[in-house]
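J.: Spelled out from the first residue to the last, the chains are:
Protein chains: 2
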Amino acid sequence: MKTPNFDTFTLDSGLDLPYWKSSRFASAIANNASPRVLANACRMNILSSIKAAGSGHIGTSFSSIEIILACRYYLNNSSFSDTTQEQSGIFFSSKGHDAPSIYAAMHMLGEISDIQLFSLRRLDGLPGHPEITTPGVPTNTGSLGMGISKAKGFIHANRINGVTKKVIVLLGDGELQEGQIWEALPTASRDDMSELIVIVDGNRIQSDSWVKNVSPNQNLEAAVKGHGWNYLECNGHSFDELLSTLEFGGLQNGPTFIYAKTIKGCGVEFIQNFSENGLFYKFHSGSVSDRQYSSAISEITFRIENDISCTAYISPEQISELNGLECVESELDSQKPKDRPLSLISHWAEILPKLMSVNEHLVVLDADLSYDTGTYIARKDFPDRYIQAGIAEQDMVSMAGTLALSGKVPIVHSFASFLTMRPTEQIFNNATEHSQIIYMGFLAGLLPSPPGFSHQALTDVGIMATLPNIQIIEPSCKKELELSLNHAIASKLSTYVRIASVGDLTSEFTKEDFRPGGLVLRKKGSAFAIVSSGPWLTEEAIKASDMIGRDMCAVYTYPFLNSPPIEETIDILEGFEKILVLENFTPAMATTINLMSQPSLKSKITRVGLYGIPKNGWNSEVMRFHGLDSLSLVDLLN
Amino acid sequence: MKTPNFDTFTLDSGLDLPYWKSSRFASAIANNASPRVLANACRMNILSSIKAAGSGHIGTSFSSIEIILACRYYLNNSSFSDTTQEQSGIFFSSKGHDAPSIYAAMHMLGEISDIQLFSLRRLDGLPGHPEITTPGVPTNTGSLGMGISKAKGFIHANRINGVTKKVIVLLGDGELQEGQIWEALPTASRDDMSELIVIVDGNRIQSDSWVKNVSPNQNLEAAVKGHGWNYLECNGHSFDELLSTLEFGGLQNGPTFIYAKTIKGCGVEFIQNFSENGLFYKFHSGSVSDRQYSSAISEITFRIENDISCTAYISPEQISELNGLECVESELDSQKPKDRPLSLISHWAEILPKLMSVNEHLVVLDADLSYDTGTYIARKDFPDRYIQAGIAEQDMVSMAGTLALSGKVPIVHSFASFLTMRPTEQIFNNATEHSQIIYMGFLAGLLPSPPGFSHQALTDVGIMATLPNIQIIEPSCKKELELSLNHAIASKLSTYVRIASVGDLTSEFTKEDFRPGGLVLRKKGSAFAIVSSGPWLTEEAIKASDMIGRDMCAVYTYPFLNSPPIEETIDILEGFEKILVLENFTPAMATTINLMSQPSLKSKITRVGLYGIPKNGWNSEVMRFHGLDSLSLVDLLN
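Going down the list, the sequences are from chains H and R.
Counting from 0, one number per residue, gives the positions in the first sequence under numbering that gives the first Met the number 0.
Counting from 0, one number per residue, gives the positions in the second sequence under numbering that gives the first Met the number 0.
Keep in mind the hints are simulated off the structure, nothing from the lab.
It is possible that part of the hints are untrue.
Repeated chains share a single entry, so a pair holds when one copy, or any two copies, can fit it.
Here are the computed lysine to any residue pairs in the SDA-like style, where the Cα-Cα straight-line distance is at most 25 Å [what the hints assert, rightly or not]: (1) 577 <-> 602; (2) 211 <-> 193; (3) 601 <-> 274; (4) 542 <-> 626.
Treat the numbers as computed from the prediction; the structure is a model and nothing was measured.
Taking the hints into account, I'd like the entire structure generated from these sequences.
T.: Okay, here's the thing in structure tokens:
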């Protein structure tokens, strides 16, 4: 039996993950290994690091790896050896989804250690989206659309210092829907930024589905050239073509925009296959099953060993033969979403179409997150009242404004971070019209923590509580979610419904208490009370109460975060010795401030919440780190 | 002597303002008056309503009036008579600067009364930027870039209702620098929005100067067509050409973008003259002097009486002859800014270049507001460290981020509303990098109130206090401004410096107290204390103390809005019976919350601040309305 052409990293679970060590890369580079082999070896490392992490963006990491290698090679004076010398420029990714690919390239070049490679998305490990805490990463990422502006900032600084250096920024093709991209173009050409190269990973699939179906780039060349830029295209999986295009682009006057045509998930057949009328691409984010992993590794190994390009077709039969597994392709159905654990997202996916069937005024707006915000059933059932805005949150929110003025009740969906921070002035403008809009912000709060702070919305409550005329409701379970929407719709007010996407609280409660300023009893108790909101945090509170035992600690939710407490709430809380108010957000004019404004409660209340910028890592580690797990709560009550 | 061809509105001051009553328009329309005459009569009304208001945007109102009249005519079934019947569509302005022109057209069509016309920018009058509170205005304006998205919202609502109606939105050419404009384009063409017509008031001058110098639209036609839109151009002062272009555009498949070439200030020679290398166009905002007013009215009257187009040249001699005044053109110097009352803006204009001369790391970023944020001297003295971002706040803030990572200290300028709400996620992203950026937000707080809530930043403190790693300082006088910047720079932290653009507090204070959590004594007192920040609000506090007399009421400023009080502050405040904490912003995790968190102070403190959406109107009326004038403060202390 021949020696396998890879090393092995063993997880705590015992699973062996094939990968290439830095040293193997060094010797391959010294022996003039082809870029095809290096890129596919990086794919192995990408997949294994994501498998270890439990989540990550496989599709775009696979589509972008040749681009990243070519950019690094170009800036490293046309070499993969010795990156310690002065680089001829700066390279970074704007979207940051391609973190595993960025890291794989850095690891190949010896900038990241073997151990680090497998610390992806762990506490104090490699962040889910690249951050400057990792030496060599030039700027923080994770929020789309900022890259060209950031590149221009680097160039201005260099120019002030009298330095001429290339700056290359990698964008996604879905990312081109963000207005900031286009906002950044004109002054780059005004300022003759020949230092600037933008390269787009043109893999034609965004979060949910095909770019052409979400928000097509009609004539990208004309649009880009119209802003005074150079425009080039190339094959994004051909290292040589990428390199010559970068070299050619680098010699042009003014900024250059390169559209590199790629295949999402390229290099593994079942990851890159997506039907032309597919609705749900499965490998945008998340990991793969053990079976999928084995199959993919076999295919990648085969490509490495035979020096076969990632774009060469390998038949299902051949793959089956390689790994002894049946082809996994049949597991996939591009018309159906992936299974996911029960959460407020899955509940919302069911509740929303029910609401729409009885209320013809409801109109859904979505920013390319139909899977992650649960709008996909409504989209199918009510296509006339579903508006796909693309990754264009400002546009989406302003559209919602005039829909509301026209008598509709728009329900606007995105991740809480993006929904509350990207179109903030647009939400304010809508609020000045006293119309009714429902904003649904998902991924609210600390968890899930693997993607990092750009996706962990902790500032959403402070911002939405600052904007006028908006009530904030954070439901904790399916029933509270239903009641939240019923209340939001009936109130005729604008509402921000804050959705923690993790957890599924199933305990019962009586409906009567669900109103602004009211408490919802989740568990009885005699001496202490915990006031919480959201599914996982309330679960932790209940667990803490169980650990304390003897029915000592009551648990309530306070769903209307920015409403002052009603009399009954004050009466109830006055009966306790000690009250913990849990806030899955940074300090805001919300729950704690509202409750502490009651003189009778002030001395009893301790806020347990978040401050500043959250840690990223596995949910369990991060929850513990920030003192929001049940054990930490027990400590505070003992 | 012949009867003058106008009516007269007499101000309280006794000044007579010539204008056309609605009834005069009605009879002119019935007698088939030419569009030239109607447009110039609207110009008279625009100028007189702005003269009555004391401020307004003359330049863009004069450049856009023919466009507005043509759009209204087109949608009113090709007629200026009887707008009470069903309109064939919706028309609105995106920028809202052209409010006086929008109102003049509405008044001409009988939708606004003669009295209302002269309520411009007054409490409960016509808002500085159009709002839905005025019947006939479809949506709230004042924040740039939202118009196309809003038009799309109307169209989606119409489509859901099975209605096909045109929606025409008027944009500025400077406004095209906002990313949201470009974000809004792709899905309009995806959705075949033939109902949508965008028309640009292409007057080539933005807030400060020429568009071509600020951020040129390179090849607008290519850029717009690249997103799948139709593109047309026309003469924006020819009613007939505008009408035929609208009619042609309205018949195309897909959305249509019309660039109407206009002249800013068109119709009055001295208002439209701006030299090709001019730096400061004087008639973007503000009113005119009595002398300028007389001259302009004479010229407009001459054009009306002789049915002369706004674009026909009239020589200085001829104008002089008309009004008996010397030509006012010599008063203008396009290289110098307008005089303005002393305020923190004028102080900043002087302080900034001094700071830059001793600190080579400082880099200034500006979003087309060099006059209103006082960066124009720094721009002249340090062109290599001045970056004109154009009206592109997100781009500007992200550039600042990487300048900071490169060792520069960027100082980012805009109006507080736009700076804190348009690039909120970009500021957050920068904050996660723990770099040092100084954000300078002007027009902070309630005053000036004539422009309306889009420009009255009350939410800025709440938002910036929510974002991590940002200290907030609000200086009250020139000395505090200097100390604020010294502190901000020395601290190595990111700082939001909040500038109330109105007032000039000249009282002395001792420097020692200026530090985070510290109080600055502005006036001694024995029994009561007022804690304030910002120039005009502190002036009101001092006036209130003077009125109370007997050295009863101390006045302090608390410049570090989101810093907890130091011991000395607590000690000082404990000595008073009653403390008013003034907040020129809506509730936030700032001064009041910080001070009230001290048990010894809580019962003594009354917050006097703002809630929700502010009124617009004259400063004195609005200050009084919101209880932040000296008389209201005296009432609270007696």
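J.: Each of the hints needs a verdict: does it hold here or not?
T.: Hint by hint, here is what the structure shows:
1. In this assembly of identical chains, residue 577 and residue 602 lie within 25 Å of each other by CA distance both inside one copy and across copies; the values are 9 Å within and 22 Å between.
2. In this assembly of identical chains, the alpha carbons of residue 211 and residue 193 lie at most 25 Å apart only when taken from different copies (20 Å versus 30 Å within one copy).
3. For a Cα distance limit of 25 Å, the shortest separation of residue 601 from residue 274 qualifies neither inside one copy, at 59 Å, nor across copies, at 64 Å.
4. Taking the closest pair of Cα atoms, residue 542 and residue 626 come within 25 Å of each other only inside a single copy of the chain (14 Å); across copies the shortest separation is 49 Å, beyond that limit.
In terms of the numbered hints stated before, the structure departs from hint 3 and from no other.
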